[in-house]
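Residue numbers (the UniProt record's numbering), protein chains in the order written: chain A, 1 to 289; chain B, 1 to 289; chain C, 1 to 289; chain D, 1 to 289.
Possibly wrong hints are sitting among the right ones.
Treat identical chains as interchangeable: a pair holds within one or across any two.
Stated by the list, open to error - Okay, derived cross-link-like pairs now, BS3-like style, lysine-lysine, Cα gap no bigger than 25 angstroms in a straight line: (1) 194 - 268; (2) 256 - 121; (3) 134 - 256; (4) 73 - 194.
These aren't lab readings, by the way, just hints derived from the structure by calculation. Just so you know, these numbers come straight off a predicted model, no measurement behind them.
There are 4 protein chains.
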Amino acid sequence: MASPKKKLQGLVAATITPMTEHGEINFSVIGQYVDYLVEEQGVKNIFVNGTTGEGLSLSISERRRVAEEWVTKGRNKLDQIVIHVGALSLKESQELAQHAAEIGADGIAVIAPFFLKPWNKVRAEEVLGGIQEKIPTFQGLKFSDTDLLDFGQCVDQNRQRQFAFLFGVDEQLLSALVMGATGAVGSTYNYLGKKTNQMLEAFERKDFSSALNHQFCIQRFINFVVKLGFGVSQTKAIMTLVSGIPMGPPRLPLQKASREFTDNAEAKLRSLDFLSFNDLKDGNLGACS
Amino acid sequence: MASPKKKLQGLVAATITPMTEHGEINFSVIGQYVDYLVEEQGVKNIFVNGTTGEGLSLSISERRRVAEEWVTKGRNKLDQIVIHVGALSLKESQELAQHAAEIGADGIAVIAPFFLKPWNKVRAEEVLGGIQEKIPTFQGLKFSDTDLLDFGQCVDQNRQRQFAFLFGVDEQLLSALVMGATGAVGSTYNYLGKKTNQMLEAFERKDFSSALNHQFCIQRFINFVVKLGFGVSQTKAIMTLVSGIPMGPPRLPLQKASREFTDNAEAKLRSLDFLSFNDLKDGNLGACS
Amino acid sequence: MASPKKKLQGLVAATITPMTEHGEINFSVIGQYVDYLVEEQGVKNIFVNGTTGEGLSLSISERRRVAEEWVTKGRNKLDQIVIHVGALSLKESQELAQHAAEIGADGIAVIAPFFLKPWNKVRAEEVLGGIQEKIPTFQGLKFSDTDLLDFGQCVDQNRQRQFAFLFGVDEQLLSALVMGATGAVGSTYNYLGKKTNQMLEAFERKDFSSALNHQFCIQRFINFVVKLGFGVSQTKAIMTLVSGIPMGPPRLPLQKASREFTDNAEAKLRSLDFLSFNDLKDGNLGACS
Amino acid sequence: MASPKKKLQGLVAATITPMTEHGEINFSVIGQYVDYLVEEQGVKNIFVNGTTGEGLSLSISERRRVAEEWVTKGRNKLDQIVIHVGALSLKESQELAQHAAEIGADGIAVIAPFFLKPWNKVRAEEVLGGIQEKIPTFQGLKFSDTDLLDFGQCVDQNRQRQFAFLFGVDEQLLSALVMGATGAVGSTYNYLGKKTNQMLEAFERKDFSSALNHQFCIQRFINFVVKLGFGVSQTKAIMTLVSGIPMGPPRLPLQKASREFTDNAEAKLRSLDFLSFNDLKDGNLGACS
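Using the sequences provided together with the hints, build the complete structure.
Quick look at the structure:
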């Protein structure tokens, strides 16, 4: 993904695609969104047009324009901008990859085939073997499963540490860090990036008990919303709440998050101090203890 | 799907998209393909750009050109040409539907959301209730599951018999006919259409034991290839064998069927007389008894 | 299952094990239960200690006593009494089989391994090949899946028609009859046996439209309760309602059906005339049309 | 599980039930097995009659005798002996629990219902809430899923640290340790206990890179056998190889591990030095680096 010069590490926000009430893309808030990620959440890498960004619900031309806008607004502010170019049609995927290169994105990512696909489940560690012979520009993996045997064996292969191993199950990131994850891609880093960065820092300095406290704190929120039913629609509602930037409703086939969900999520965010940045700046975990 | 004037019934072949060795669409054989379906298999309805046609692996412009070619070559030869316009992006789906109307297709079909989708499994019979209020042009359902409670309750609702209920699990079509299916959409009707039509006729005249013999005969073949691993790639290989029309390999992410598969499938087809049309014309079931 | 002399066919009720409020077996109503099945439902075969009978929740000694009671009370009234002797411990299974023979049951049935088990899903038709060499007393199969390719290929193998093929998905029995089912085992035959027998008779005389009407009628009820959450607990509540014989609550780990379920089920039963046998005797389908 | 006095922690070997070639229990080697665990693997806790021990394939009387033998031979040698008393029949489970108390086992464990069971998946963290009110002797949890959100939220609830949280997915134990696991129950600790203890010690002293090296080393073996097909049969074959104590074949419905599996597993064990204890005693990781 990232160019060899700079290695992708730390948190990568899977960006939401802001939309108007009518499901059209709201390009106007993307600049503000970039500033919010950098200044409020301390997140300087993004993953554009992925599942969280409803990338596969957008037309090819919309995906191009969304990518362009993030690259333009992120320039000199973000470290790495990765454009997801996966599509059911490889021709369209190739077109998007070409476009990402032209606009100067830092890297691309591609989802594995999910409609027409090989018979048997292929494990990531099996794919990784000798991948650079097949894909010379291969830079790393976004791993979004809880099978840490497979994940671990990917890391284990990577003796020269040339690849980035980005974990995609936000609620158990700590378990992947200890298994060798070099970073993480997720939707919650849009609004829990600061908190998650605190966990990464604690882990770096081997302060496990603090790292675990941060992880539990994050889990309490995710566990709460998961029980309510948590997906892209709900992520848009939560991000609107926390950031104040209007993300709008999702596009069909997704339905807008219910008012009940939003009210419950807001109450939970408050109870955990996730809506009170001063406290978080002080690293106040009161609400989480 | 079908225009109100003519009701869609009987067999509908889910067409393969013929390709060259390099995975480019081979438009040149589609005319011959139409004649083969009508003259050799007695199949006069087609379902274009579905899963069997690798529709979702094609670019939007390719899907338009494939649809145009089938409509052009099928004119005055086929009863109904249904274009599958499902896409992950609703905008693209709408564009394809508009195009299908413009080129004079008889109907469109759309797959249910399969990437971003509602939480809980929605049953077809729940969707069907009052659907004409939502979709005035709604004509029917392609049902490709073995849950015949759901299927039956769809048919049961349809008191005025205004809808077509097309079953999509070829190997157990007989079980759906007795439950009220009005027709079938499938990939095997490309090469087992004649045989399946014999089953439909036996069922019509209440000759169950013959109908069951035909079904078992078909099942022996499908059961055999299912154990070898049966999908779109294998369907292309089998159709090439049986029709003599080169369907070519599938496009990535699918892999070409193995030589071993093709050899085994051919032997099985011969042992069941599925490669000997004279015998079939005589309705010779020797090989299947 | 059945002794070679008499072939098992038609409906087989998977018997409920009546219990007291404290979850002890209520042997006292089993005689009445036998008479109800024969006289009110026209069902003369039973499958004892299966899933519906909570057989695997009973101790081995309880299973022996339940089997004895059914054999005693069913003598000269029932055609065939099949005792399910499946257990996780093969030693216990063998003990129960020996016991079933000693008490003069007509046959035994055994569930396939479901805890420790072979790697890959084994298809019934693969197991059936040459089974009489392995199990000389093998009499037939209870097939409780909707994969009618597998089911059909079991029937197809059985040229000499020596085996019984009993279908176990009550709500789509008609689809299996056309595929060659010789009978059915299920929980709904405890209270919808009469109705289902009407479907079997219509199918026998090739009156498909009546058979389908009966099937739809049955599906309306099953579809309704399935949406409410339908299992053994609910079956006990429904049977108590319809037969008037107290079946009691299930034993843990199952929970008693909710009052809400029972009320809704009762209303549905009434709306379909399933609580009014005179109407059913007249074959009145008014409520179902 | 454990009595309040001594807390269960560290590794717990899920014991194999040794059998003769005819599938009868081979009680004669259990004393030797105890010594092997303590002296060669440094494992002083055992979990008897679980899945690895084919507990559910044994009759109730066999389970009692197996438990007695382990308690007798383990006295004054093992720290904690936990008897799995789960059964499909709660009556039998209660009988086994009573028996475990009588023979002086340190604790019991029970599997969750897996045949007749509640509708919706219940999360462990939901069950844990207020469990001591329901089960005053509750001591902890064996968690054998990779959902570390659920696991973490169990640990998070346990402020007073009164419970043991034993992780059951051996190949990713490190990921659970960082999430607060207090120990582990697994089949691989029978023969990889020493190696796994080295990982626990490294983790304790915050030497993550060593801990991760040990985890990867273990993963290489498990990943290898998982691809070959890994279950109780294979565990018996591997333990026979590594310990030299004859574990015998599994009991039906399991099939004995193939010769091919055993040969491949042995070669892998040698290549990783898992058959050369002197090297391991020196903590030599050469083979794993």
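Okay, the hints, checked on the actual structure:
1. In this assembly of identical chains, residue 194 and residue 268 lie within 25 angstroms of each other by CA distance solely inside one copy; the values are 17 angstroms within and 44 angstroms between copies.
2. In this assembly of identical chains, residue 256 and residue 121 lie within 25 angstroms of each other by CA distance solely across copies; the values are 18 angstroms between and 33 angstroms within a copy.
3. Taking the shortest Cα distances, residue 134 and residue 256 sit within 25 angstroms of each other only across copies (19 angstroms), while inside one copy they are farther apart (41 angstroms).
4. Taking the shortest alpha-carbon separations for residue 73 and residue 194, only the intra-copy value of 21 angstroms comes in at or below 25 angstroms, while the best inter-copy value is 55 angstroms.
Hint compliance for this structure: no hint is broken.
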